[in-house]
Amino acid sequence: MLSRHVLAGVIAICMMPAVPLFGAESVHTTDADTGIESWEIHTQGVSLRLAQILPDQVRGFYSARGFDAESVELLATGACVFQTIFRNEFAKRGIEFNLADWRILTAKGEQALRLERDWQQEWAKRRVSASARTAFHFALYPTEHHYEIGDWNMGMTTYALPLGSRFDLRFVWRENGERREAVLHGMRCAKETAK
Amino acid sequence: MKPAAPFVLVFALLLLQVARADSTPQTMTALPDKPAAPDFTLKDADRKLHRLSEQRGKAVLVNFWATWCPPCRREMPSMQRAWEKLQGGNFEMYAVNVGEDEDTIFGFTFSTGVELTFPILLDRDAHVIKAWPVVALPTSFVIDPQGRIVYRAVGGREWDDPQLLRQIRELMDNK
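For the protein sequence lines, the chains are R and L, in the order given. Numbering-wise (numbering that gives the first Met the number 0), the first sequence opens with residue 0 and increments by one. Numbering-wise (numbering that gives the first Met the number 0), the second sequence opens with residue 0 and increments by one.
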């Protein structure tokens, strides 16, 4: 027969929310074919995944959306760009986030992400077309949002760092008004070529 | 029971936890205030006009998407499967493409390898999407037969998931 202690342990495990084991660690992977690196963390009911986007991929994407060559180059080499997936996996009371609260952590200190509004000011000065700016709006990760369980998005986040830079990312969200945060360690901006 | 059995059971339960964590919940969020769905009239790829308010009496899935959006592309085959299961009843589905032309959309639908038979509508100048509470793509809404938004889903879904189909069917039965 099972002892009381084992039974208590089994019941406790059954009551646990579905958290990936060892979940608070950043997991770093490198695609064997492309050399593109990605980082992922599952913590406190949310998950965050960032994958490098190569400058050539940025060029291809925004050229096809109607951006002029100079503006495309500003995006491709003036910032590093990551494909970003942030998901409410099981935070029952819903979560809210604002990318303005997220911070790049380097040996030199902290800095904010480059947000959509910063870029849109630049595009207005450069007279980028309305259709291209609309595509840009929906291609970037939303600056602010509210996610119920199961909600998520995929989009680009941008970082005003030189290509190849290393940094940690502190990401922040609120659950029922309470601030929560975690750090994705060891990020690296893409270089011109991944391999 | 042998002495090792409890530990085997505990290990099995831990594995079950991992498996549960890997499965993404297919959910829609109920909107308790049920706001009126903003009406629109849009052409599909065959230039046929579709007006949302003419679908009163039906449940309607309205999905905002673009071909360059990976989760939008990924959920399209499951939308087709849901469409095949629900069409013929009090159900309509509109996939509203944002900002792209017919050629781009045709190139995408051809590449899926799945024939998409539900209406794909063109919001070329992003005029319609601005009237809806959409922050990012894809975002989907389920409209009840009274023309109210009752569910929202942010991000891609497997639309033929039994739970999602059940929620839509309940609306279809509630004319």
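Worth flagging that the hints you see were computed from the coordinates, not collected in a lab. Among the hints, a few may not be true.
Some chain R residues flagged as far from chain L (calculated, every beta-carbon gap over 10 Å) [unchecked claim]:
#: 1; residue: Glu24
#: 2; residue: Ser25
#: 3; residue: Val26
#: 4; residue: His27
#: 5; residue: Ser62
#: 6; residue: Arg64
#: 7; residue: Arg92
#: 8; residue: Asp100
#: 9; residue: Gly108
#: 10; residue: Gln110
#: 11; residue: Thr133
#: 12; residue: Ile148
#: 13; residue: Gly149
#: 14; residue: Lys190
Chain L regions said to be covered by chain R (calculated; three or more residues, Cβ under 8 Å) [said to hold, decoys possible]:
#: 15; stretch: 36-43
#: 16; stretch: 76-90
#: 17; stretch: 152-158
Ideal Cβ placement from N, Cα and C applies to all residues, glycine included.
Status of each hint after checking the structure:
{"no.": "1", "hint": "Glu24", "in the structure": "14 Å, holds"}
{"no.": "2", "hint": "Ser25", "in the structure": "16 Å, holds"}
{"no.": "3", "hint": "Val26", "in the structure": "13 Å, holds"}
{"no.": "4", "hint": "His27", "in the structure": "19 Å, holds"}
{"no.": "5", "hint": "Ser62", "in the structure": "12 Å, holds"}
{"no.": "6", "hint": "Arg64", "in the structure": "8 Å, violated"}
{"no.": "7", "hint": "Arg92", "in the structure": "12 Å, holds"}
{"no.": "8", "hint": "Asp100", "in the structure": "17 Å, holds"}
{"no.": "9", "hint": "Gly108", "in the structure": "30 Å, holds"}
{"no.": "10", "hint": "Gln110", "in the structure": "24 Å, holds"}
{"no.": "11", "hint": "Thr133", "in the structure": "5 Å, violated"}
{"no.": "12", "hint": "Ile148", "in the structure": "6 Å, violated"}
{"no.": "13", "hint": "Gly149", "in the structure": "4 Å, violated"}
{"no.": "14", "hint": "Lys190", "in the structure": "23 Å, holds"}
{"no.": "15", "hint": "36-43", "in the structure": "violated (count 0)"}
{"no.": "16", "hint": "76-90", "in the structure": "violated (count 0)"}
{"no.": "17", "hint": "152-158", "in the structure": "holds (count 5)"}
Consistency with the previously given hints fails for numbers 6, 11, 12, 13, 15 and 16, ordered from lowest to highest.
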